[in-house]
Each structure stands twice: as C-alpha cells, then as structure tokens.
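Each protein sequence line maps, in turn, to chains A and B. Sequential numbering from 317 applies to the first sequence in our numbering. Sequential numbering from 28 applies to the second sequence in our numbering.
It cannot be assumed that every hint is accurate.
Quick list of in silico lysine-lysine cross-link-like pairs, DSSO-like style, CA-CA up to 30 Å [what the hints assert, rightly or not]:
no. : chain 1 : residue 1 : chain 2 : residue 2
1   : A       : 433       : A       : 384
2   : A       : 384       : B       : 455
3   : A       : 321       : A       : 384
4   : A       : 369       : A       : 433
5   : A       : 369       : A       : 384
6   : B       : 455       : A       : 369
These stretches of chain A come out as covered by chain B in the derived footprint (C-beta under 8 Å, 3 or more residues) [what the hints assert, rightly or not]:
no. : stretch
7   : 329-337
8   : 351-358
9   : 361-373
Hint data in this document are derived by calculation from the structure and do not stem from the laboratory. Virtual Cβ for every residue (Gly too), placed ideally from N, Cα, C.
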Amino acid sequence: MMTLKVNGRDHQIDADPDTPLLYVLRDDLELNAAKFGCGLGQCGACAVIVDGKAVLSCVTPLLLFQDKEVTTLEGLGSIETPAPIQRAFMEEQAAQCGYCIAGMMMQAQALLQRNPKPTDEEIRAAMEPNLCRCGTHMRILRAVHRAAHLMQTADASTVQRSGR
Amino acid sequence: MPRTAGRMTRARVFGSVLAALAGVGVAAVFAISWRPAIPAIDPPAPQTFDATLMKRGRVLAAIGNCASCHTVRGAPDYAGGLPVATPFGTIYSTNITPDAESGLGRWSEIAFRRAMRAGVDRAGQHLYPTFPYDHFTNVTDEDDRALYAYLMTRQPVHAMARENQLSFPLDQRFVIAGWKLLFLRPGTYQPDTARSEEWNRGAYLVEGLAHCGACHTPRNALGAERATAQFAGGDVDNWHAYAINAQSPAPVPWTADALFGYLREGWHPEHGVARGPMAEVVRNLSSVPDTDIRAIVAYMASVFGAPTPDRKRRGEEVLGQVNSTPAQVESSDAAGAAIYAAACATCHEAKRPLPYGGVNLALSTAMSGPDARNAANVVLAGLRALEGEPSPIMPGFASSMNDAQIAALLNYLRSRFSNQPTWTGVEKIVEEARRTQTVALQNSRRPDHAPADSSQRDKP
Ligand code: FES
Ligand code: FES
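Required output: the full structure, derived from the provided sequences and hints.
This is the structure we're talking about:
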C-alpha cells in the first residue's frame, strides 16, 4: 500500500512498486486524460506534471512518487472552468483526433510555469518529446503562445492552481 | 655619481651575477617563446581556390572534427566561441571563418600551416594546446593546403574571440612555449614500411588530424597526453572516453568489422549507439569516404590487438546471455531493480533491433566502464531526436528521478550487467552529471548522439 498524491488528493494505491504511474492513473484512479501511446517514453501522450516538471508516466514506476505531487490534465481545469492552457488549445482548435493533446498540454503547461514567455524556438525544443500523428503542430505552437498570453492576463489563482 | 667599480662587495658580485643570469634567462625565454608575426594578406577571393582542393578540405575538416570545437550551438559554423573547460581554466575556441578582422581572413597559407604545425597564430602568439597541434603537427603540407582552401571559402562571420579565463601564470602565453618544449614533437608522419598502405593511412589520420588520443588518452598533470598510456582512456566534457587499446572495457571485444559499422552508422548491435562527444565525431565522419574509415579501422584494430582468450570467452558468454531468456537475478538493490523493470527493460530487453530498440545493457560498455559518468549522463538526458531524420531516441529521466534513485539504478545495472567491481561514489557522480549536463546542452553544437541513417547525415 502506498499513498499517491494526485491533483491535490491522497489516494491509497495497492500495486507493485514497479507499476508505471500511467497504469495507476488510468486503471485505478480512472483519470483517463493521460494516454497510452507507445509505452516506451517516445511519444509524450502520457505526460503528467510532477513537482513542476513534465514526466512521461508510462516509463516512470510508482515507487518514484513517494512524497511527490502529481498533476494530470484533470487537475488543471474542467470543461466548465478550463485552465488557460485548455482554453488556448480550444480557441486555436489545436486538436485533430486529440490523442496527443493531453500530453501536449501538460508539456506546454510545465514549460510555461518555468518560462512564462517562451520564444518559438524554446517551445519547439520543450515540446520535442511529444509527437502528434495528425500533424496539428502549427496550431499547437500557436496555442502555446496564446496560453502564455492568457496566463499573463488571467487571474493568478487559476494559474497557481494548475499543477505544482 | 660616485664610482663604485673596484669596490664591489660580495653581495654586489652576487647580485650582478644573478642579474646577468636573469638576463640570460629572459633572453632564453624570449628566444624560445618569441615567434615573428607573419604578414597579413588581403583576404583571398573564394574563386581563387581550386574546387577539388576545397572538396578535399571538407573531408579533412570532417575527419579533424573542426566544427565540433569551433562552433557553438545556434551560431554559424566555424565562428568559434565554444567554452572548453580544462583543469586550468576555460579556453574559448576561435573564429576560423575567413573574416578579415576576427577570423582567418588575413592569414596566409604559411600562417595557417604554422598554426597547425607549431601552435602559433599569425601574429606570433602561442596557442593553447586545447587546439591539438600536438596531433596536427603530423598533417602533410598538401592536407594543410586543402584545409586552408576549405576554411578560406566558408562564409565569413564577424565574431571576436572571447577572453580566456585562466589564472596566472597560465594566462601568460610564453608558458606555452615551455609546454611545447616538453610535449610537442614536431614532424610529419613517417610511414612504417612493414605495414600496408591502408594501415599507414589510418595511422596518419588517427595520430594526426583525427586526434583520437586527445580524448582517448589520459593526460598528465600538465595537461599533456601520457605517452606511456596511449589510448588507455581519457576524459572529455564530463564523459569518459573509453580505452581503445587492449584495455578496452567493451563486453564484446571490438573487431575491425564492428568498428567500421560503428564509425559508419553511429551504432553497432553488439555495442550500442554512439552518444556524447563521440556521436558528433561519427556524425562528422559520415561525409568521409569508406576508404578512409577502412584505413582508420585497420590501424585501430591493431591498436586494440587480438583479444585474449579470456576476453573472447567473456564476449561469447555475454552474447549468449543476451540471446537467451533473461535469468532472474537476485539483487540487494530492490529500488534499482524496480526502476529498471519499469523504466528501462521495456526497451532494453525488448530485443527489437538497434538503433530503434535499446541495446541490451549487458553489451553496453557504459556498464562495464571504469566509472558511472557515461551511464549517468545518458539516464539523465536521454537521447534527443534529431530534427528531420530518423534517429534512436531515449527519454531522459532527469525530471522523474532524483540523484539517489538514479544512483540506485546505476548500482543495480552495474551488478547485473557487468562482471566488474562495483562503482564508487555513484550518487556524487550523478549530482555532478546533472550539473554539467545543463551546461553541455546549452553549448553543444548538436544533439548528443549520431543519426541512425547515414544517408541523411550529410545534409548541406
Ligand atoms: S505512452 Fe508514454 S511516451 Fe508514449
Ligand atoms: S491530434 Fe491526433 S495525435 Fe495529435
């Protein structure tokens, strides 16, 4: 039994310590935003934020999360009250099939938390681990810029709430 | 003025002898260290150079890995400015584009050749041996001419050299003259007539322009390569450059064919993927013709020597293990084992062929090397995808694991995948690697591994 803190709530998890976090999130906690794309750390669909950094949850075993705080897309905002990053992706219509988008948003969120005004090049470098098979990259790029802008104008509490 | 002659005291005699000696000393230092300036020329027009010569120069510059030190990430090629950390301070590479004010624009071929041969710039100033003229001194006149033609026809870029950060007395250039007296053996390569032409060509390249020893040979306290330990393994940018002689720690002994494949493609199924500074070497070599690579391999195979029966057996054993089902090993390191199972094994034990599958770590020299640095670097940073071409990738784990966790993992890997004694101070090494990799990622010119598809590598 281990306590896992996700989106501000503690959960008791009964799983082997080498279970990838992604499986726990999806199967045990029914937090389905993070996707299984490759399971090999090569596509970014499973990205979540841990202590402010984007982490690929498919290759990160549970035992590494003792005393850490995990944020998934569900922890950023909801359909009723979307976080700036989610609004930006919607406003730019950045999703095609949408499979990669949760991971994209988490990677972008982590970037914007440490660098609120990234350049195009910085965004490309940070988003490099995330693949999109539908090819919406240009829209994603615009969405990240838009999110940066929204976060600067949004009230600080929304931004703060989103993943630490 | 009172005359003192004829009334010299002992102290005065002593003093004047000392002064005379000092004078001789200064003169001697001057004689040893002074080099004349070579007159500046007007930058020659690119059209004045022969196209075939330039082409040859391009290949030679790739073999010499010139761009790796003389280019900073994101800046134009050959414009210099890369900080090279040495035990003595930081030295910045210089601009070798043909810009008149800040580059080689006003250098004649004679000046260029003197720099290669003797480590002296056009103005007569000694160059620090971070510029490996202890190797380049071997380069023939014809090859220097080709290199000169190539460099003088690049796009000129205005970029002044940055001030080196060295402490006294190393910031005094005459000190370098003393270093050269001790360690620079001038002279071009003398072929060994008992060996094949190919072997001699390889020796000429390896010992000269390719300067393999600059990383793979350990250095003495004065920063010179130890002649008695040639190719016994050295250091570069917080990576260990493995021994590439009989002491090679590779689990499966290198063969000429394996070496050829590795230098050609950037990976070999029995050894893994080139990464760190070696990745860039392989990338540069990708534009070099097969014949030169074959020559390098012919020479290096003789440097490695035939493996001992023991090493051969061990190699076969490892290959056997890799191809059978993995044995369950008992380990005292439960955390390390769990991390390996979840984070590494899915790729490294999947038996998918290289370069897209991960190498079985029993084959990895990083696991049997003398320290944990290279393994720590790779676990932290992973292998980034190369832009616009297929390439092996590995996620970095810097964000998801702390130093203690990575240390636990590395200790587990060492005990499971090598027959060597445990590493010491692994956590410290991880901490150091985490610190330096951030710097390295900012400065290095290219992603830190070689592309998988050699046909894609020599894009313009
Ligand atoms: S599913 Fe985790 S990176 Fe692809
Ligand atoms: S929108 Fe389909 S994978 Fe990115």
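Here is what the structure says about each hint:
no. : hint            : in the structure
1   : 433(A) - 384(A) : 27 Å, holds
2   : 384(A) - 455(B) : 23 Å, holds
3   : 321(A) - 384(A) : 7 Å, holds
4   : 369(A) - 433(A) : 17 Å, holds
5   : 369(A) - 384(A) : 11 Å, holds
6   : 455(B) - 369(A) : 23 Å, holds
7   : 329-337         : holds (count 5)
8   : 351-358         : holds (count 4)
9   : 361-373         : holds (count 5)
No hint from the list above goes unmet by this structure.
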